[in-house]
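Visitor: Next come the chains, spelled out residue by residue.
Protein chains: 2
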Amino acid sequence: MKKPSVATSAVVTAAVAGVVACMTAASGQTDGAAAPNGVKIPPGYRDWRLISVAHEEGSLNDLRAILGTEVAINASREGQRPYPDGTIIARLAWSYDPLAESEKAFGHLQSYVAGPPKNGVQFMVKDSQKYASTGGWGFAQFDDGKPADEAMQNACFPCHQAAKARDFVFNRYSP
Amino acid sequence: MKKPSVATSAVVTAAVAGVVACMTAASGQTDGAAAPNGVKIPPGYRDWRLISVAHEEGSLNDLRAILGTEVAINASREGQRPYPDGTIIARLAWSYDPLAESEKAFGHLQSYVAGPPKNGVQFMVKDSQKYASTGGWGFAQFDDGKPADEAMQNACFPCHQAAKARDFVFNRYSP
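Taken in order, these protein sequences are the chains called L and H. Just so you know, we're using the working numbering here: the first sequence kicks off at 1095 and counts up by one. Just so you know, we're using the working numbering here: the second sequence kicks off at 1095 and counts up by one.
Be aware that one or more of the hints could be misleading.
The list treats identical chains as interchangeable, and a pair is accepted whether it falls inside one copy or across any two copies.
[What the hints assert, rightly or not] Derived lysine-lysine pairs resembling DSS-like cross-links, with alpha carbons at most 25 Å apart: (1) Lys1240 with Lys1258; (2) Lys1240 with Lys1212; (3) Lys1212 with Lys1198; (4) Lys1224 with Lys1258; (5) Lys1240 with Lys1224; (6) Lys1240 with Lys1198; (7) Lys1224 with Lys1212; (8) Lys1224 with Lys1198; (9) Lys1258 with Lys1198.
Hints listed in this document are in silico derivations from the structure and should not be mistaken for laboratory results.
With the rest of the complex left out, here is chain L (with noise of 0.2 Å):
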C-alpha cells in the first residue's frame, strides 16, 4: 500500500485537531488554567442566560447573578434534583454602588447598581462520578481569569453543604 504523502498527513492531522478542538469547546472547558479539581472557565459563560439574581451583604457586598447552560437552566426552572451530569452553574458579581442618577429619580438614594466585577467568578460543574466526593459537582473560583488559591477553592463544598437537601444549589429560578 502506498504511504500516505506528507499533504495528506497534514490533512489528518488537522482533521483530528479539529475534532479534538471541537470536543473541547462541546466540553465547555477554555485552555485557561484549571482549578486543582480541574474545573476550567467555561467558554462564552457571560451569554449563558440568567436564573436569578442576589445582593450579598457584609464583606462580600456585591450584587451577582446567576446564569446557567441549557441544562441548568432547564433543570432549574423545572425543579429537576439532583441536577442531571453537564449542568453548569456561573455566579457573577459586581461591586453593589449606589446609582449616581437615583436621587434625582426619586428624590433620595434608593438604587444600587452593578459596579465593577467584583469577588471572582464561580462554577458549579455537575459531574456525579468525577466530583463524587464534592456531592458530585466540581466548584471552582477564577479570579481575573485565574484559579483562586487553593484555600478558597476548598471553601465552596463546605458552605454549600448547608443546601444539600437542594443538590448543594442555594439558588432557585427566578421566572
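The hints should help you fit chain H onto chain L, whose structure is shown.
Guide: Below, chain H alone, put in the same frame as chain L:
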C-alpha cells in the same frame, strides 16, 4: 379563469395567517393587550440575555435584572449611544427576600435572593420616529400580563429624564 376551490382558498388563508403570525413574532409583539402607546409584551423576553442587575430599596424593595435583545446587548456592551431602533430592554423584578440558609452558611444573615415576581415587568422599545415624544423610546409596564394603569405608564419618561445623557437608559452593561 376557473374560480379557486374551497380547499385552495382554505390553504391560502392558512398560509396568509401563518405569514402574519410569523411577522408578528418577528416584530417581537405578542397577542396580549397593548399599553396605550402600542407596546406589547415581547414573546420570549425571559430568555433574553443579561445586561445587568440592581437592587431598589424604599417602597419598591426588589431585586431586578435587566435583559435585552441581541441588538440591546450589543449596543449596551459597546456603549453605542443613542441605542439603535429595534433595541428592546426588559426590566424584571422580584421580592427582596433573605436566604434561609444564609445564617447556616455564613454564621449570620447576609444573603438576599429573588423571591416571587414583584413590581411588574417593564420594557423600553426604541423607535425614534414612533416614540419621538418620549425620547425615542416606547415605555411600558405590565402587571400579571396586563398593561399597568395609565398613571404608571405616564410616569416612566419623566423619571427616565434623569438619564437623558445616556439615551434615557439607567443601566450599564455588566461584564
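Visitor: Work down the list of hints and note, for each, if the structure agrees.
Guide: Results of checking the hints against the structure:
Taking the shortest Cα distances, lysine 1240 and lysine 1258 never come within 25 Å of each other, neither inside one copy (28 Å) nor across copies (39 Å). For the homomeric pair lysine 1240 and lysine 1212, the shortest alpha-carbon distance inside one copy (14 Å) is at most 25 Å, but the shortest distance between copies (38 Å) is not. In this assembly of identical chains, lysine 1212 and lysine 1198 lie within 25 Å of each other by CA distance solely across copies; the values are 23 Å between and 27 Å within a copy. Taking the shortest alpha-carbon separations for lysine 1224 and lysine 1258, only the intra-copy value of 18 Å comes in at or below 25 Å, while the best inter-copy value is 52 Å.
Proximity of lysine 1240 to lysine 1224 under the C-alpha cut-off of 25 Å is restricted to the intra-copy arrangement: shortest distance 22 Å within a copy versus 48 Å between copies. Taking the shortest Cα distances, lysine 1240 and lysine 1198 never come within 25 Å of each other, neither inside one copy (40 Å) nor across copies (29 Å). Taking the shortest Cα distances, lysine 1224 and lysine 1212 never come within 25 Å of each other, neither inside one copy (29 Å) nor across copies (40 Å). With identical chains, the CA atoms of lysine 1224 and lysine 1198 are never at most 25 Å apart, being 53 Å at best within one copy and 27 Å at best between copies.
Taking CA atoms no more than 25 Å apart as the test, lysine 1258 paired with lysine 1198 passes between copies only; the shortest distance there is 12 Å, against 44 Å inside one copy.
Of the numbered hints stated above, those contradicted by the structure are hints 1, 6, 7 and 8, listed in ascending order.
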